[in-house]
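Visitor: Quick note, the sequences are listed as chains A and B, same order.
Start counting the first sequence at 1; every next residue gets the next number (my numbering).
Start counting the second sequence at 1; every next residue gets the next number (my numbering).
Calculated from the structure, these hints are not laboratory results.
The beta carbon of each residue, even a glycine, is placed where N, CA and C say it ideally should be.
Worth double-checking, as some hints may not be accurate.
As a list, the in silico DSSO-like pairs of lysine-lysine whose alpha-carbon atoms are at most 27 Å apart [unchecked claim]:
#1 A/Lys184 / B/Lys137
#2 A/Lys138 / B/Lys137
#3 A/Lys304 / A/Lys88
#4 A/Lys243 / A/Lys138
Which chain B residues face chain A? A few, computed with CB under 10 Å, are given here [said to hold, decoys possible]:
#5 Lys137
#6 Ala181
#7 Phe184
#8 Ala190
#9 Thr325
#10 Gly327
#11 Pro348
#12 Gly349
#13 Pro350
#14 Leu352
FRET-style restraints, in silico, Cβ to Cβ [said to hold, decoys possible]:
#15 A/Gln285 / B/Asp465: 48 to 54 Å
#16 B/Leu15 / A/Trp297: 45 to 51 Å
#17 A/Ala305 / B/Lys137: 46 to 52 Å
#18 A/Asp301 / B/Pro17: 37 to 43 Å
#19 A/Gly115 / B/Arg390: 43 to 49 Å
#20 B/Pro17 / A/Pro240: 55 to 61 Å
#21 A/Asp273 / B/Leu15: 43 to 49 Å
#22 A/Ser290 / B/Val126: 32 to 38 Å
#23 B/Ser188 / A/Lys276: 36 to 42 Å
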Amino acid sequence: MTKMTLTKRMFVKLAGATALAGMLAGPAAAWEPTKPVDFVIMAGAGGGADQIARFLQSVSEKKDLTRRPLVPNNKGGGSGAEALIALKGTSDPDHTILVTLNSFFTTPLRQENLGIDVQSFTPVAMMGVDPFVLWVHKDSGITTFDEWLAKVKEGGYVMGGTGKGQEDSLVITFLEQAYDLDIKYIPYKGGGAVAKDLAGQQIMASVNNPAEAKGFYQAGDVVPLVAFSDERLSAYPDVPTIKELGQDFSYYNQRAVVGAPGMSDEAAAYYQDLFKTIYDTEEWQAYMESESLSPLWMNPDEQKAYWTTQVERHKELLASMGE
Amino acid sequence: MEILGLLTDGIMTSLMPINILLILVGVTLGLFIGAMPGLGSVNGVAILLPITFLVPPGSAIIFLAAIYYGAMYGGAISSITLGIPGASTAVATTFDGRPLAMKGRASLALVTAALASFIGGTVSNVLFTVFAPLLAKVALIFGPPEIFALMLLAFATFVGLGGDDIPKTILSICLGLVFAAVGFDEISGAPRLVFFDIPGFLHGINFLVLAIGVYGIGEMIWTIESTRGEITTTEAKMTVKGIVNDSKEGMKRGWKGTAIGSFLGFFVGILPAAGATPGSLMSYGVTKLVAKRPEEFGKGHPGGVAAPEAANNSASTGAMLPMLTLGIPGSPTTAILLGGMVIWGLTPGPRLFTDQPDFVWGLIGSFYISNLFAVIVNLAFIPLFIWMLRMPFTVLAPLIFVLSVVGGYAATQDMHDVWLMLFFGFGAFFLRKLDYPLAPAVLAIVLGPIAEPTLRQSLLLSSGDATIFFTRPIAGPITIIAIILILLPLFKAIRDRSRKASEA
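Only chain B is shown next, with the shape it has when bound in the complex (with noise of 0.2 Å):
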C-alpha cells in the first residue's frame, strides 16, 4: 500500500503543470529523434541531459523519461514509412511495417505501432510497480548460462519458423554471427576479422550499420527494380473513422503479437546484457512461431509490427530495474541516465529503493504518464507521417538514401561504416533475390555479441563440460525448449514425407 501511495504521489507530480509541459515537449522531441535513423534514444537523451540541469531533479527525470518513451514509439515511424529502421529498437518492426506500407496500409501499421506500445509501455509499468523488488533477484539468478540458453532460444525461434526454406535461414544466421565477431574479441582481447588489415572494422560492425544496409538500401534497389518506380506507395485518406477502423483491425489481428511482446519484452529489458533490441527481435520471432499461419509474417502482418513494438517499449522500463537496482545499465540509453542519476546525488544500487523510494516511484509514475502523452501525440502525428509517403516515389527514394547514409554515419561517426552500408545494401539486394531470409542474419548480429561471451565463460565456469546448458534448473528447460524448436523443422519434414509414402 505504501507503494501505491508513493505511486500516486510520483504521478500527481507528473501532472504539475510545468511537469506536463515537460512532458509533452519531451514526447514530441523524443517521437522526432526516434523517427531520425541514426538519432536514437540514446543520442537524444545524451544531447539533452544538460538541460536537465537547469530544472529540478525530479523534472528531470522526468523531462528524460519523456524523450525516452518518445523516441520508443518515434522508432516504429521511420521502420514503416521509409523502411529505414529510425531506432536500433525498431529494427524489427520493419519486417512486416514497411510491406504493410507498400501496400498502402501504412496507416494500419502506425496505429497498430502507436497501439501495441501504449499496451507495452503499461503493462511494463504494472509489471515493474508490481514485482520489481523481486525481479531485481531473477535478474541476479541469470549468470552466463542461463543468458546464453535465452540466446539460443531466440536464434531457435528463427530456425524452427514455418514457411521460410531452413538451410538458407541458417546461412543467414551464420553471417550475421561472423559479421558481429569482427572486432576485437572481448575475452582474449586480441583483433579478429579485419578484413585487408582496413581499421575501421577494429570497432567492430555495427548492427544499424548493416540493418540499414539492409532495409533501407537493399529494399529501396528491390522496390526499384521490381516496378520500375511505378508506384504510389498509400492512398490512404485519413480520417477518424479511418483510425479508428485501422485501430480495431490492428488489435485484432495484433493482440497476440501485443501480448507477447509486452510480457517477453519485460523480461528480457530485465535482464542487464540484454535491452529493447534482442526484446524486440526475439517477440517477432515468437510472434511468428505461434501465429496460425506464419506464412504471412515478413509480408504484411499486423501482429509483426505489434510484437516488437510492445517488446521495445515493454523492454525499456524493464532495462530501468538492472540500472536502478543493480547500478548496470540495461541499455546505452539507461547507461546515460545512470551518470545523470549519479550527478543528482543518487546511488544506484539494491538500497536504492529503499532509500530513495520518493525518487524511484516519482520516476514510474512519471512513466505511466509518459506513455499516455506519447500514444496521443504520436496518434496525433501519424497523418503527417502518412503525407510524406504520398510523395512520389522518385522524391522519397533519394529521400530514404539521404536518410541511410546520414544514419550510417551517425552511429559510429566513421565513413568506413558508410561504404559498408553500401556495400551490406546491394549484398542484400542480391541474396534477396535468391531468397536468402535476412531478418535472421541482423538477429544474430544483436545477439551475437551476447552469446559467444557467455558461451565461453559458461565452458569456463564448467571446464569445457557442455552438460552446464542442460543441469542448472533455469538453463537446462529453457536450452531443452530451444533444441526441440531447432528440430522442430526436422519432425515436420519426417512426419510429410512417411505420410506421402503412405498415401502413394
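Pulled out of the complex, with its shape left as it was, chain A reads as follows (with noise of 0.2 Å):
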C-alpha cells in the first residue's frame, strides 16, 4: 500500500513542477463512459490503421477529452472478422468502439457466414481517406509506370499485400486485368509488413498507404510510382494518377470510427462529438497533411449512406476478381 500513497504523491508533485496547463476540458454532454472503453481495430499492430488509432487515442490522452481511457487492442484476425464478431457480440455496445478500414465492407462480404450485418453498426465518424501508391524498391532501377509494366511483363514479378481481397490486393488485382499482368502475390500480417520487406527486397513491389512507406521513402529506399487518387498527393506532387495515364479508377482506405451494433442513441452522440472534436485539432489536422490523407468529414446519416455505396462497389470490385 504504500506504493499507492508514494505514487499518488508524486504524481501531484509531477503536476506541479510541471505547471500542468492542459485543464480539464471534456465536453459536458449528458452520457459519459463510466468504464475505461475498448478501442478495438481492425487490423494488427504497426500497419496504417493501427498507427492512426494509436494516434487518435495519444490525441484524446493528450487533450484529456475523455473521462475513461481509450484502450486501444488489436483484433487483425481473419482480415478483421474477428474484430467485427468481437463488436456484434460484445456485452457493453456503449464501451465498444471500432476503427475501421474497408475490410469493414469486404470481410462481411467475403465471408457470409460470420453473419454481420454492416448497417446494424452505429456510425460515430468518417475521419479521412487514405489513398494507395504503387512503391518500387530503389534498386531496381524502374522510375517510371511505363518502366514498370514492361518489367512486370517479363514475368516472375512478385508482389506483397495484406491478403486476398483486401484494399490493396484489390488495386493489385486491377492493374492484372487492366495491363494483362501476371503478378504473384504474398500475403502478410499488415502494411508495416509489407513496406519492411519492400525495403528488403523480399517482394519487388507493393500497393502501401503514403503513411506506412513514408520512412522507407524519406530514406530512399522506395520509389513512388503512381497513385490511385482523384488527385495528385500534395507530398508526393511528381507522381501522377492513375486516372492521368487513362484509367478511370481511384481507390482509397477509409479511415473511419463506428461503434458497437446496438449502442445507445446518448452515447453515439457522445462520441460523435469526441471525434469531431479529435478532427479539429490541430493535430490530426496535421497528421492527415503530413500523411497524405484527403479530408472528408461525414455526418452520421451520410456515413450510413456512404456504407450502402462502398458495400456496392466492393460487391463489384470482388465479382470482378472472382472472389
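If you follow the hints, you should be able to join the two separate chains into one complex; please do so.
Guide: What follows is the structure, encoded as C-alpha cells:
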C-alpha cells in the first residue's frame, strides 16, 4: 500500500512541477463512459490503421478529452473478422468502438457465414480517406509506371500485400486486369510488414498507403510510381495518378470510427462529439496533411449512405476478382 | 564520437533529480507490474502512457523506459516464487526457477535472475549503441525464409536436447502447434479449429493461458499430490553474506546462460516478427543444448534461470530497434511506445537516427540508467519475495490458484480462457504423470504463429519449392544446422547401439 501513496504523492508533485496547462475540458454531454472504452482496431500492430488508432488515442489522452481512457485493442485476425465478431457480440455496446478500414465492407461480403450486417453498426465518425500508391525498390532502377509495366510483363513478378480480398489486393487485381499482367501475390500480416519487406527486397513492389512507406521513402529506399487517388497527392507532387495515365480508377482506404451494434443514442452522440473534437484538433489536421490523408467529414446519416455505396462497390470489385 | 557525446548527454539528462525520481518510481512500479501474473509491461506502459503527457517528452520516455525495464525484471519474481509466469517473457524462467525455489534455493534463483537481467540489459545497450544503424539493415535481410529457418532452429534446440524422451518431446511440440493454429488463419482469413463452435476459440489460444495453466495450476496440483501439502518451500534466511554467496554461485553456474541469453536475446529481439518471448525461450534451449550436463536443466539449474532472464532484458532493448528504424514494433509494448512517439511529434523510420539523434540517444541513455536502478531495486526487494515464500503451503496454494485465475482472465478478459486454463492445468498434470515434457508445448504455441505464416509466405515465393530454405545465403546455413540438431539424437542412438554391439 505504501506503493500507492507514493505514486499519488508523486503525481501531485509532478503536476505542480511541470505547471500542467491542460485543464479538464471534457464536453459536458449527458452521457459519459463509466469505464475504460474498448477501442478495437481491425488490424494488427504497426499497419496504417493501427498507427491512426494510436494517434487518435494519443490525441484524446493528451487533450484529456475522455473521462475514461480509450484502450487500443488489436483484433486483426481473419481480415478483421475477429474484430467484427467481437463488436457484434459485445456485452457492453456503449463502451466498444472500432477503428475500421475497407475490410469493414469486404470481410462481411467474403465471409457471409459470419452473419455480419454492416448497417447494424453505429456510425461515429469518418476521419478521412487514405490513398494508395504503387512503390518499388530504388535498386530496381524503375522510375516510371511504363518501365514498371515492361518489367512485370517479363514475368515472375512478386508483390506483397495484406491478403487476398484486402484493399491493396483489389488495386493489384485491377492493374492485372487493366494491363493484362500476371503477378505473384504474397500475403503479410499488415501494411507495415509489407513496406519493410519491400525495403528489404523480399518482394519487388507493393501497394501501400503513404503513411506506411513514408519512412523508407524519406530514406531513399523506395520509389513511388503512381497514385490511385483522384488528384495528385500534395506530398508527392511528381507522382502521376492512374487517372492521368488513362484509367478511370481511384481507390481509398476509409479511416472511420464506428460503434458496436446496439449502442444507445446517448453514447453514440457522445462518441460523435468526441471524434468531431479530435477531428478538429491541430494534431489531426497536421497528421492528415503529413500522411497524405484526404479529409472527408460526414455526419452519421451520410456515413450510413456511404456504407451502402461502398458495399455495392466492393461487391462489384470482389466479383471482378472472381472471389 | 558524436554518438558518445549524444549518449553522455542522454545519460546526464537521466541523472537530473526529477528524472532520477521518475526512474525510481518507474522501475519499482514496473517491478510489481511485471510480477503480477497477467499484468505485463504491455499493460503497465499502456496504463501509464497518459501520465507521461504531464511531463516533458524527454522525461516521459525515461519514465516509460524505467517501467519497461522494471517489468522485465519483475516477470521473473512470480515465475520463481509462485511458479506462475508473471509476464509472457518470463515463461522460460519458470522451467528452472520454480524447481530451485522448491529446493529452498529461491534466493539463488532470484539473485541469478537479477544479475543475469542486468548483464543482458547492459550488453544489449552496448550492442545497440555501437551497431544500431548497421543492425537495422540486418533486420531487413531477414525475409520470410530466414525467419522460418530461425524458428526451425528454435524447435531443433528443444528436440535435440539430451535427457528428454524424443518422441514425447515431439508430441508435446505438436500439441502446442495445434493450439497455436486455433483461431483465424492469417493467410486465408478463414476460422480454424473452433472446437464445438465455441466462439471463445475464434480469438485463438493466448499462450499465457496455456503457460499459466501448465505452470500455475498443473504444478500446484502436482506439488499437492506428491507432497500431500507437507512442504516448506524455503528455510533460507536472507543475509548480505547469503546474497553475496548466491551471486557467486549464480554467476559461476549461470555465466554461460547469461552470455548466450545476452547475445541471442538481442539478436532475436531486433527481428520485427519476434520479440522477447521467443528470444528467452530460444536462449534457454541453446543453453541447455551446450551445457555439460543438460539433464540438470528443468530440475533447478541456475543457468536455466540466467539464460531466459538475460535474454528477455536484452531482447527488450533489441525490440526498440525495429520500432525506431522501421516503424514496426518488435513487441506489444513497443507498439504502445510507438503510439506515444507519434504524439510527441517523432516519426519512426530509417531517418529517425539522423533527424532526431537527441531523442534516440536520450532514450538509450535512459536505458543504461534504468537498468542500473532496476537491478538495485530488485535486489533490495528480494527479502520481501523470499518472505512470501515462507507462508505455509496451505496459504500459498490458494494464493497461486487465485493469481492464476486472475492472470488467465487478464490476458484476454474472457471467462472462456479461464476455463481453458483450468483444462490445461489438469491436462498438464496428467501429461506430467506420464512423463511428457511440457516446455516444448509452450515453445510451440509461442513460435507457431511466427513459423506458420513465414513458412507459407516462403513457399508462395518459391512456388512450392522447399529448396528456398537451403539456397538463400542466410536461411541455408541456419536450416542445415537445425536439421543436424534434430538428427543429433538419432546419430547418438546409432553410435550407442553399435558400441554396445561391439562390446557384446
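Visitor: Look at each hint and say if it fits the structure.
Guide: Hints versus structure:
no.: 1; hint: A/Lys184 / B/Lys137; result: 25 Å, holds
no.: 2; hint: A/Lys138 / B/Lys137; result: 15 Å, holds
no.: 3; hint: A/Lys304 / A/Lys88; result: 17 Å, holds
no.: 4; hint: A/Lys243 / A/Lys138; result: 24 Å, holds
no.: 5; hint: Lys137; result: 9 Å, holds
no.: 6; hint: Ala181; result: 12 Å, violated
no.: 7; hint: Phe184; result: 3 Å, holds
no.: 8; hint: Ala190; result: 7 Å, holds
no.: 9; hint: Thr325; result: 8 Å, holds
no.: 10; hint: Gly327; result: 5 Å, holds
no.: 11; hint: Pro348; result: 7 Å, holds
no.: 12; hint: Gly349; result: 2 Å, holds
no.: 13; hint: Pro350; result: 3 Å, holds
no.: 14; hint: Leu352; result: 8 Å, holds
no.: 15; hint: A/Gln285 / B/Asp465: 48 to 54 Å; result: 50 Å, holds
no.: 16; hint: B/Leu15 / A/Trp297: 45 to 51 Å; result: 48 Å, holds
no.: 17; hint: A/Ala305 / B/Lys137: 46 to 52 Å; result: 49 Å, holds
no.: 18; hint: A/Asp301 / B/Pro17: 37 to 43 Å; result: 56 Å, violated
no.: 19; hint: A/Gly115 / B/Arg390: 43 to 49 Å; result: 55 Å, violated
no.: 20; hint: B/Pro17 / A/Pro240: 55 to 61 Å; result: 57 Å, holds
no.: 21; hint: A/Asp273 / B/Leu15: 43 to 49 Å; result: 45 Å, holds
no.: 22; hint: A/Ser290 / B/Val126: 32 to 38 Å; result: 35 Å, holds
no.: 23; hint: B/Ser188 / A/Lys276: 36 to 42 Å; result: 38 Å, holds
Violated hints for the displayed structure, listed by number in ascending order: 6, 18, 19.
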